[in-house]
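Given chain A's structure and the hints, the job is docking chain B onto it.
Keeping their order, the protein sequence lines are chains A and B. Throughout, our numbering is defined as the position within the first sequence, counted from one, plus 3. Throughout, our numbering is defined as the position within the second sequence, counted from one, plus 36.
Everything labelled a hint here was simulated from the structure, so no lab data went into it. The beta-carbon is built from N, C-alpha and C at its ideal position, and this holds for glycine as well. Heads up, a few of these hints could be off.
Simulated DEER-style distance windows between Cβ atoms [what the hints assert, rightly or not]: (1) B:Asp230 <-> A:Phe75: 23 to 29 Å; (2) B:Ser256 <-> A:Ile227: 49 to 55 Å; (3) B:Glu104 <-> A:Ile285: 48 to 54 Å; (4) B:Gly252 <-> A:Ile117: 56 to 62 Å; (5) B:Val461 <-> A:Gly37: 44 to 50 Å; (6) B:Pro164 <-> A:Phe233: 56 to 62 Å; (7) B:Gly252 <-> A:Ala30: 45 to 51 Å; (8) A:Ile53 <-> B:Met375: 45 to 51 Å.
Residues per chain, in single letters:
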Amino acid sequence: MKAEGRNNKLALLFLSPAILFMLVFMAYPMIYSGVLSFTSWDGVSAKKFIGFDNFINLFQDQYFYRALLNNFTIAFISLAFQVFGATVIAYVLVRMLKFVQRLYMFFYLVPVVISEICIGLLWSFIYNPYFGLLNNTLRALGLGHLAAGWLGDPTTAFPAVLNAMNFTYMGLYIILFVAAVQNIPESVFDAAKIDGAGNFKTFFIVVLPMIWNSIQSVALMAVISSFKTFSLVFVLTNGGPNHVTEVLSTYLYSTGFNSFRMGYASTIGFVQMLLTTLMGLIVLKLMRKTNAGAYDV
Amino acid sequence: MPKRLFFVVCTIALFVLFVFPCTGVNAQDAGAPITIWHAYAGQQDKVDFINYAIESFKEKYPEIQFEEVPMEHSSYKTKLNTAMAAGNPPDVFYTLPGGYLGAFVKGGQIYQLDDELAKDGWGDSFIPTALSSVQFDGKTYGVPIDIDAAAIWYNKKVFEEHQWSVPETEAEFDALCEEIKAAGLIPVALGNKDRWPATFYFQTASLRFNGPGMLGKYASEPESDLFKTAAVKPFEWLNKLATNGYLPIGFNGMSEAEANILFINGQAAMMVNGTWQIGMTNEADKEIFELGFFGFPKFEGGYGDQSDVVAGVAASFAISEKAENKEACILFLRHLTSMDVMKKYVEMRSTMVAVKDATSEDVAGPVLYEVTKNLIEKAASMDAFYDTIMAPLATETYYTVIQGVLDGTISATDAAARLDEALRVQE
Numbered sequence: 004m005k006a007e008g009r010n011n012k013l014a015l016l017f018l019s020p021a022i023l024f025m026l027v028f029m030a031y032p033m034i035y036s037g038v039l040s041f042t043s044w045d046g047v048s049a050k051k052f053i054g055f056d057n058f059i060n061l062f063q064d065q066y067f068y069r070a071l072l073n074n075f076t077i078a079f080i081s082l083a084f085q086v087f088g089a090t091v092i093a094y095v096l097v098r099m100l101k102f103v104q105r106l107y108m109f110f111y112l113v114p115v116v117i118s119e120i121c122i123g124l125l126w127s128f129i130y131n132p133y134f135g136l137l138n139n140t141l142r143a144l145g146l147g148h149l150a151a152g153w154l155g156d157p158t159t160a161f162p163a164v165l166n167a168m169n170f171t172y173m174g175l176y177i178i179l180f181v182a183a184v185q186n187i188p189e190s191v192f193d194a195a196k197i198d199g200a201g202n203f204k205t206f207f208i209v210v211l212p213m214i215w216n217s218i219q220s221v222a223l224m225a226v227i228s229s230f231k232t233f234s235l236v237f238v239l240t241n242g243g244p245n246h247v248t249e250v251l252s253t254y255l256y257s258t259g260f261n262s263f264r265m266g267y268a269s270t271i272g273f274v275q276m277l278l279t280t281l282m283g284l285i286v287l288k289l290m291r292k293t294n295a296g297a298y299d300v
Numbered sequence: 037m038p039k040r041l042f043f044v045v046c047t048i049a050l051f052v053l054f055v056f057p058c059t060g061v062n063a064q065d066a067g068a069p070i071t072i073w074h075a076y077a078g079q080q081d082k083v084d085f086i087n088y089a090i091e092s093f094k095e096k097y098p099e100i101q102f103e104e105v106p107m108e109h110s111s112y113k114t115k116l117n118t119a120m121a122a123g124n125p126p127d128v129f130y131t132l133p134g135g136y137l138g139a140f141v142k143g144g145q146i147y148q149l150d151d152e153l154a155k156d157g158w159g160d161s162f163i164p165t166a167l168s169s170v171q172f173d174g175k176t177y178g179v180p181i182d183i184d185a186a187a188i189w190y191n192k193k194v195f196e197e198h199q200w201s202v203p204e205t206e207a208e209f210d211a212l213c214e215e216i217k218a219a220g221l222i223p224v225a226l227g228n229k230d231r232w233p234a235t236f237y238f239q240t241a242s243l244r245f246n247g248p249g250m251l252g253k254y255a256s257e258p259e260s261d262l263f264k265t266a267a268v269k270p271f272e273w274l275n276k277l278a279t280n281g282y283l284p285i286g287f288n289g290m291s292e293a294e295a296n297i298l299f300i301n302g303q304a305a306m307m308v309n310g311t312w313q314i315g316m317t318n319e320a321d322k323e324i325f326e327l328g329f330f331g332f333p334k335f336e337g338g339y340g341d342q343s344d345v346v347a348g349v350a351a352s353f354a355i356s357e358k359a360e361n362k363e364a365c366i367l368f369l370r371h372l373t374s375m376d377v378m379k380k381y382v383e384m385r386s387t388m389v390a391v392k393d394a395t396s397e398d399v400a401g402p403v404l405y406e407v408t409k410n411l412i413e414k415a416a417s418m419d420a421f422y423d424t425i426m427a428p429l430a431t432e433t434y435y436t437v438i439q440g441v442l443d444g445t446i447s448a449t450d451a452a453a454r455l456d457e458a459l460r461v462q463e
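Bound-form chain A, shown alone (with noise of 0.2 Å):
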């Protein structure tokens, strides 16, 4: 009983250096961006406290909308391509083409090591109508036009953006996935193959059940990230033209640092925030009660 008192307390002891980090550069901004959420601040003035009315505007702001439906389809893009895609590719690289699977996990694994700003860079490059690579080789393969001014436009812009996410964040499920699969018994693959499975039957009825549980948390991870996502957006686009683009972390460093509202910063900030949590608990909720039947058997 004693020596179990005082190891809590060392515990504690060893713990309060993290502890006391997390409250003083977590804990505490949070709390004081939830504070500022209620006032009109423009970062040099008093703050004056405006009650609900930071609230009642962002529900009446269009861009505000216009930045969640972009995140909401960040989110869903990346459930739909990164995260299903990934598994199939993973399957793919382990199950069937095992001789490219080092090659290709290497290719994977570059997006992932490079910085966020510097994959954005690439790709507006990539994107430039007149030197960029992506018009000068439809040009050279006689697909002259089809050529678009691909950030610039209203109407392509978003997808350019999804385009380089995906890009970007792909290879880092993958990676995951392939170790998930790799983790399989053999006995299971052969179990199926027994039993006439094909690679189709087997990838969806064995392997997706099987890493199920990695799937849930790269499912997670992934729309936690859509909701937060901001580095490519901003060095891409900017949130722009005309708010295109916009999301909703690109759209609060505007408003907080070009517009200098910072009351209204920290009311999308706390939005963001409260979106972000339900989201997570939504989709763990979801994927547990499709995994009951068919996992924890």
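Positioned in the frame of chain A, the structure of chain B alone reads:
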């Protein structure tokens, strides 16, 4: 015993985290060094200039201790805003004039310089219109550094090759653009991702149609229609440029630097930009590129004087109200705006400066001197860059509607109404 140990460790941790940094700052009291923040990093001509200014200052005042914090221009505004918001501003710093500085002045963060400027004719050494960009309610809160003017720059080599001549009127300008298009080139290079480059188009068109001082009228004639009707024609002109294909494709997604590549490579014949364009094209290949300029064409039925120019102070320096060693800060600003340093600025950066007679022929180089003689001195009036004098929130709307009008997602009348509304909101 463990309880006491825990307590002691926590106290030490707290001490290290909170108390130590504070005492660190106080300990430097004796020398009272000054911190200087500026945005002259990244580009070589900027770095050369600030190094010259600081080295010569050190030579002149070896006893003054200071810390220099160089930053890139693109991230500078954010960093200064953050420092200001945190109540921890640098002592003397680079700042945009007009509305940006005005927000700090309103917050009581900037030291007033009128008494100092009255001494030894310091204030009189500046061009009066330039000084007005750092004045609020008749008081001066900074010193202006450089003056930029917007013009249409063109590649003389390309013009000579095709025997094109400089247009005088809007109709001639349109005809020229059609010819350039027919020759397979881009008429005007625009990279509007950062949103300010296209403001020159709007503002000059507005000058031609409405005359100068439109923003000032929001204070003096708040009841009248102003931009709600006056901005429609300039916006329509902007939209026409885009729909006629006079601008490169994807211009809203390209940066100014990318547009400059098109211009310098000879893929585009013209470029609308500030006088810093001279410095940006210094390194161009002389075989295919030679820089020339002309003023905006005359618009038929325009109310404004057709010689007016969009020009204003691009950068200034101010002193924080919290600065401990204000004398040293003032000495630095006096040194920075001295004739010698300002002439160096003109020479190194090919930009006009706010100090009288410093933009002389010997240091300015032929193109800049020609701009001063043929554009600035012949202008009936100058209108400062709207995005630097607008309040920050209105600036955001201004940028957004221009992007929208150019890509056709916002109509000219709608854009005019939104700009008008944004300028009326007092926040």
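Hint check:
1. B:Asp230 <-> A:Phe75: 23 to 29 Å: holds (27 Å)
2. B:Ser256 <-> A:Ile227: 49 to 55 Å: holds (52 Å)
3. B:Glu104 <-> A:Ile285: 48 to 54 Å: The hinted range 48 to 54 Å holds for B:Glu104 and A:Ile285, with Cβ atoms some 51 Å apart.
4. B:Gly252 <-> A:Ile117: 56 to 62 Å: violated (49 Å)
5. B:Val461 <-> A:Gly37: 44 to 50 Å: At roughly 26 Å between Cβ atoms, A:Gly37 and B:Val461 fall outside 44 to 50 Å, so the hint is violated.
6. B:Pro164 <-> A:Phe233: 56 to 62 Å: violated (44 Å)
7. B:Gly252 <-> A:Ala30: 45 to 51 Å: 48 Å Cβ-Cβ, so the 45 to 51 Å window holds.
8. A:Ile53 <-> B:Met375: 45 to 51 Å: At roughly 50 Å between Cβ atoms, B:Met375 and A:Ile53 fall inside 45 to 51 Å, so the hint holds.
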